[in-house]
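Enquirer: Going down the list, the protein sequences come from chains S and L.
Numbering-wise, the first sequence is residues 1 to 307 according to our numbering.
Numbering-wise, the second sequence is residues 1 to 436 according to our numbering.
Misleading hints may appear alongside valid ones.
Claimed, not checked - DMTMM-like mimics (lysine to aspartate or glutamate), calculated; alpha carbons at most 25 angstroms apart, straight line:
{"no.": "1", "chain 1": "S", "residue 1": "Lys287", "chain 2": "S", "residue 2": "Asp42"}
{"no.": "2", "chain 1": "L", "residue 1": "Lys7", "chain 2": "L", "residue 2": "Asp379"}
{"no.": "3", "chain 1": "L", "residue 1": "Lys365", "chain 2": "S", "residue 2": "Asp31"}
{"no.": "4", "chain 1": "S", "residue 1": "Lys300", "chain 2": "L", "residue 2": "Asp136"}
{"no.": "5", "chain 1": "S", "residue 1": "Lys17", "chain 2": "L", "residue 2": "Asp319"}
{"no.": "6", "chain 1": "L", "residue 1": "Lys365", "chain 2": "L", "residue 2": "Glu314"}
{"no.": "7", "chain 1": "L", "residue 1": "Lys63", "chain 2": "L", "residue 2": "Glu25"}
{"no.": "8", "chain 1": "L", "residue 1": "Lys144", "chain 2": "S", "residue 2": "Glu41"}
{"no.": "9", "chain 1": "L", "residue 1": "Lys9", "chain 2": "S", "residue 2": "Asp32"}
{"no.": "10", "chain 1": "L", "residue 1": "Lys355", "chain 2": "L", "residue 2": "Asp186"}
{"no.": "11", "chain 1": "L", "residue 1": "Lys177", "chain 2": "S", "residue 2": "Glu41"}
{"no.": "12", "chain 1": "L", "residue 1": "Lys355", "chain 2": "S", "residue 2": "Asp31"}
{"no.": "13", "chain 1": "L", "residue 1": "Lys177", "chain 2": "L", "residue 2": "Glu368"}
{"no.": "14", "chain 1": "L", "residue 1": "Lys253", "chain 2": "S", "residue 2": "Asp304"}
{"no.": "15", "chain 1": "L", "residue 1": "Lys144", "chain 2": "S", "residue 2": "Glu291"}
{"no.": "16", "chain 1": "S", "residue 1": "Lys20", "chain 2": "L", "residue 2": "Glu176"}
{"no.": "17", "chain 1": "S", "residue 1": "Lys300", "chain 2": "L", "residue 2": "Glu325"}
{"no.": "18", "chain 1": "S", "residue 1": "Lys300", "chain 2": "L", "residue 2": "Glu249"}
Calculated from the structure, these hints are not laboratory results.
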Amino acid sequence: METDLREGYPVVSMQRKWRKVAYGGMQPGFDDNHTDDSFLEDMVTNANVVQRDLFKVMQDSVSISQYLCIVALVVLVWNNTLESAIECHSLLLLDVFLLCSGFLIVILTAEAEMISPGLVLSYAINIFFFITGLYALSPIYHTLTRSISSDSIWVLTALLLTFHLFLHDYTGCTVRAPGSGKNPTLRSNISLNTSIIASVLIASRLPSRHHVFAIVWFSLQVFLFAPLVTYCIKRYSFQLHLWVSVKLMVVSLVLIYRLNLFLFGLLLAILVFVTLVCPYWLIRIQKYKFEINGPWDEAKLCFDITD
Amino acid sequence: MENQNGKHKILMVSDFFYPNFGGVENHIYYLSQCLLKLGHKVVVMTHAYGKRSGVRYMTNGLKVYYIPWKPFLMQCTLPTFCGTFPIIRTILIREKISLVHGHQAFSTLCHEALIHARTMGYKVVFTDHSLYGFADVGSIHMNKVLQFTLADVSQAICVSHTSKENTVLRSGLPPEKVFAIPNAVDTPMFKPASERLKNDQIVIVVISRLVYRKGADLLVEIIPEVCREYSNVRFVIGGDGPKRVRLEEMREKHSLQDRVEMLGAVPHAQVRSVLISGHIFLNCSLTEAFCIAILEAASCGLLTVSTSVGGVPEVLPDDMIVLAEPDPGDVVQAIRKAITVLPKIDPQVMHLRMKNLYSWHDVAKRTETVYDRAMECSDQSLMERLSRYLSCGAWAGKLFCLVMIVEYLFWCLLKVLQPAEDIEEVPDVSFTSSSA
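So that you can see chain S by itself, here it is in the shape it has in the complex:
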C-alpha cells in the first residue's frame, strides 16, 4: 500500500523507487550518498564543438599571413625613407595612388544598396579633413622625439609593432565597414593605437616636414584602411582574396630578400609557421576538447538587454 510521500509521512512498506527530490527527508531504503543510475544522465559533452578540416583552416590562416606581409611592406617603406632611398615626391605619389585604389576597391566590391553618392561624398570630405589635419600637425611630429636616442625609438617601434600584431583583430576590420553589424572590439582599438604610435615615432626621425607628412599619411592609411579593403575583397570573392594574398606574400618576400637576408629568413619562417604548422597543431589538439553542459549551467537569456 502506498500512501503519498508528499504528505510527509514516511512509508516503510516496500522498496520504493529513488526520486530526484530534496523534500521529505531521507528517502526510506536509500542512503544520502546513494548514486542512482540516472546520475549525470542530463550531462551533455562537446555539444558546440566544430569539426575542423585541415585545408579549410589553412585557407583561413591566409588572412593572417596577408596582414603580416602588409606590415612587412610598411616597415620596408619606413626603412627606405629613413635611409633616404625614396624621395618625398614619390612617397606622396604612392600615398595618393594607394588612397585612390583603396577607394575604388571598396566602391567596386560593396553591395549596390550600401553605396550612394552622398555616402561617397561624405567619405571624401572626411578624408580631405583628415589629410589637412595631418599636414597641419606635421611640424609637431617632426620635433616630437628630438631628445630621445635612436636606439630607444627602434626598440619601442619593434615592441609596439609586435603588440599590434598580437592584438589585431584578423576576422573583422578596424573601422566599421558599410553594411557590417559588428562594432570594433576593445582589443582591436588598442592594436590600432599601438600601430599609430609606432608610425608617429618613426616619422619623427625624418629629415624634413614634408617627409613626416608623407610617411604619417602613408602609415595611417595602411593601418586604418588596409583591414577594411581586405575585408571588402574577402566578402566579395574568396578566390580573389586568396589570389591577392599570394601575390602580396611573393612581392613582400622578394623585396625583403633584397633588403636583408636575416629578415627574409624570419618572415619566411613565420609565414610557414602560420600557414602550415599552426593549422596542423590546432587539429591535433582538438581531440582533448571536453565541453561539459548540464542542468547546473547558468541560463542564457534569449533576448538582448537594451539599456
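Once you have looked at the hints, place chain L on chain S.
Expert: Just chain L, lined up with the frame of chain S:
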C-alpha cells in the same frame, strides 16, 4: 580527539557568517543550533566583521571565533597559504575539536582551514552551496582549487542532487563520498498570516538581490506583460542592487507606479511581513543550487512561480510550485497558470505540509550520520596523502604535493615553537538546561 558516547566536537569554518545574512550564513547557524541540541559541541570560526573581532557567544552557547583577519574581496579573506595555520592550530587544540566542517567553495578561509586540519590529521567534511560552470577563466581556477582541497577530504555534502552532479564533475570525487542533504527552513518563524488574504487583488511578491544572476532582466520583461493582461495584479519588489535602475525605468516607461511597489533592501527580520502580504512568490533566478527563498515563501503559504534552473525542480512538490523556462513568455504563462490555481491554495495547509517536508533537526541528524562516517575513515600518513594529490594533474599534482610538504614542515616548526602542552584547553561547559 576521542569522542565520548558518540558525540563530536565540530569546528564550522566559513567566510560567511553572522552579522551577514544569506543562505550559507543561515545554514551554518541553524545547523549548529540543531547539532547543539543533539548534544554535540559546535564552534564556529569566521573572519572579523568591521570592529567585531575576538570571541562571541550566540544562542545556546554557540561559540564564534572572529579571527582578526579582514575580508579583502567579496567577503573573503586574503588567501595566504600558511598565514592562518597558527591560529587555526591553536583553536583546534584549545577546543579539543574532533572534526572540521568547511562551507562554501568560494570561501578562502574554508579552504585554508581544511588544508591545515588535514595536515594535522583531523577529519574534514566540506559542504558546497553553489553551482559553478566549467568554461570561463574564473571557474577553471576555482575548480582546480576545489580539486586540491577535496583531494583529501573525508566526506562531502551538497545541498541538492544537481549540486552533487556538479561537484562530482568539478572536483573528481567519487560519487559515494558525496551526500545530498538539502537545506531547510525555520518554519516557526515563517508562519502565514492569521487571516487569509482576499483574492480580488492578487499580489505577486519578489524578494531577491536585483542582480543579473537573480534574473532582474527577466523581471523587467515580465512585469509590463502581466500588468497589461490582468488589471487586478500588483507587484511588490523587495531588494536592492545594480539592476534597480532598470526596474525603475520600466516602471516609469509603462506608468506602473501604483501597480509596482519597490521596497528597497528588506532586513531579514521583516522578510516574513513582506511575504505574508502576497499571494504568489516569483523567483526568476538564472542559476540556483537550492533556493531557500522559495522554502520561506512556501512556509508562509504563498504559491511559488519559479524558473526551472539548477536544483529548483527538486525543492518543492509539484502542487506547491509552478515551473517555467527562463524565458519571459514561459514565465508569463506560468503566472497565468498560478493565478487560476490560486483559489485552491490554503496557506495554513501549505505551512503544515512544509513543517513535515523540511526541518533543520532532520538535516542535523543526517549530517550527524556523515560525521560518523567521516570519523570511521582511516588515518593516513603523509606519504599516502601525497599520492592522492599527485593524481590531480600532470603539473598541478606536483605543485600541490610541494605545497603540502611545506605545510607539513611548517606544522613541525609550530609544534616546536608552541608545543601543544602549552595551549590551555577549554573546559566543557553545558549551556542548555538538563530538562531541555
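Enquirer: I'd like to know which numbered hints this structure contradicts. Please list them from smallest to largest.
Expert: Nothing - there is no hint that the structure violates, so all of them hold.
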